[in-house]
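Whenever a hint applies, use it, and build me the whole structure from the sequences.
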Amino acid sequence: RTRMGQNQTSIKKEKLDDLGNKTHFTQKQLKELNKQFRKESPSGTISQDEFNEAMNLMGVVDPFLQNLVFKVFDKSKTGTITFSDFVNGLSIMTKGTQEEKLKFAFEMYDLDESGYISKEEMTKILESFYKLIGPSDDNPLATFSGKKYDAPQQLVDEIFEQMDVSGDGKISLAEYQEGAIKNPDIIQGLKLFSES
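Numbering-wise, UniProt numbering puts 133 at position 133 of the sequence shown, and it's gapless, one number per residue.
Where hints are given, some of them may not hold.
Claimed, not checked - Here are the in silico distance ranges between beta carbons for each label pair:
hint, residue 1, residue 2, range
1, T94, A174, 23 to 31 Å
2, K71, K147, 26 to 34 Å
3, E161, K35, 15 to 23 Å
4, L173, K22, 15 to 23 Å
Claimed, not checked - With a straight-line cut-off of 30 Å between C-alpha atoms, the simulated BS3-like cross-links for lysine-lysine are:
hint, residue 1, residue 2
5, K75, K31
6, K12, K35
7, K103, K28
8, K13, K28
9, K12, K39
10, K75, K39
11, K12, K22
12, K77, K131
13, K131, K148
Hint data in this document are derived by calculation from the structure and do not stem from the laboratory. Because the structure is a prediction, the values reported are computed rather than measured. Ideal Cβ placement from N, Cα and C applies to all residues, glycine included.
Listed below in structure tokens is the structure:
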């Protein structure tokens with residue numbers, strides 16, 4: 001029994017080392033996050049309902065947006081979020097590089113996981129963001145390239161005009177990243193994910 005316990009401890013250390021290499025958290029932060037995660041979720045996983053409750057507390061009450069964020073966190077596609085899934089997603093949202101945050105947002109927008117964002121997908125997302133933030137002047141999504149947009153569809157058309165370089169009616173990850181560098185307003189919109 002002692003030996004088995006030692007193995008479990010060493011696996012835990014290996015997992016923490018692995019997460020330390022893959023995330024922007026220190027070992028100490030990971031241990032604290034693990035402690036909190038285990039306290040809140042003794043089963044070792046978070047269900048979609050539990051995740052949605054947490055999102056509600058953070059002010060994200062739109063079920064569609066909750067599902068999008070859950071989908072990106074649930075890397076293992078099990079319908080639950082493990083500690084690894086949680087830490088990886090949290091790391092990107094709170095401490096991620098611009099490139100990581102762009103990839104995270106791209107994965108959210110790519111509803112059917114085709115590797116591309118269609119106009120329909122982006123319209124659905126922006127409609128939800130507009131509902132969340134409202135059409136106010138300080139809405140970072142309502143302004144793009146120095147112009148103001150009252151409706152999500154107008155904004156989608158402008159984004160596609162500027163970002164769909166290949167003209168195939170869809171945006172690839174490379175086009176999205178390149179477009180975001182050329183249009184800092186997209187980066188501004190991503191701050192929704194990192195500032196709470």
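task = Mind checking the alpha carbons of K75 and K31 for me, to see if they're no more than 30 Å apart?
result = Since the Cα atoms of K75 and K31 sit roughly 21 Å apart, the hinted pair holds (cutoff 30 Å).
inquiry  = Hint check: K12 vs K22, CA-CA at most 30 Å. Holds or violated?
reply    = 15 Å, holds
message = Please verify whether K13 and K28 have alpha carbons no more than 30 Å apart.
response = 12 Å, holds
query = Can the restraint linking K77 and K131 be considered satisfied, given a maximum Cα separation of 30 Å?
reply = 27 Å, holds
ask   = Does 23 to 31 Å hold as the CB distance between T94 and A174, or does it fail?
value = At 25 Å between Cβs, range holds.
task = Measure nothing beyond the straight line between the CA atoms of K75 and K39; if it is 30 Å or shorter, mark the hint as holding.
result = OK: K75 and K39 at ~22 Å, within 30 Å.
key: 30 Å limit on alpha-carbon distance, applied to hinted pair K12 and K35   = 12 Å, holds
query = Is K12 close enough to K39, meaning Cα to Cα at most 30 Å?
reply = 17 Å, holds
Holds or violated: K131 to K148, with C-alpha atoms at most 30 Å apart = OK: K131 and K148 at ~16 Å, within 30 Å.
request  = Kindly confirm whether 26 to 34 Å is satisfied by the beta carbon distance between K71 and K147.
outcome  = Roughly 31 Å apart at Cβ, these two residues keep to the hinted range, so it holds.
task = State, for the Cβ atoms of L173 and K22, whether the hinted interval 15 to 23 Å holds or is violated.
result = 19 Å, holds
query = Taking the CB of E161 and the CB of K35, does the distance hold inside 15 to 23 Å?
reply = Violated, at about 49 Å.
Checked against the numbered hints listed earlier, the structure breaks hint 3 alone; every other hint is satisfied.
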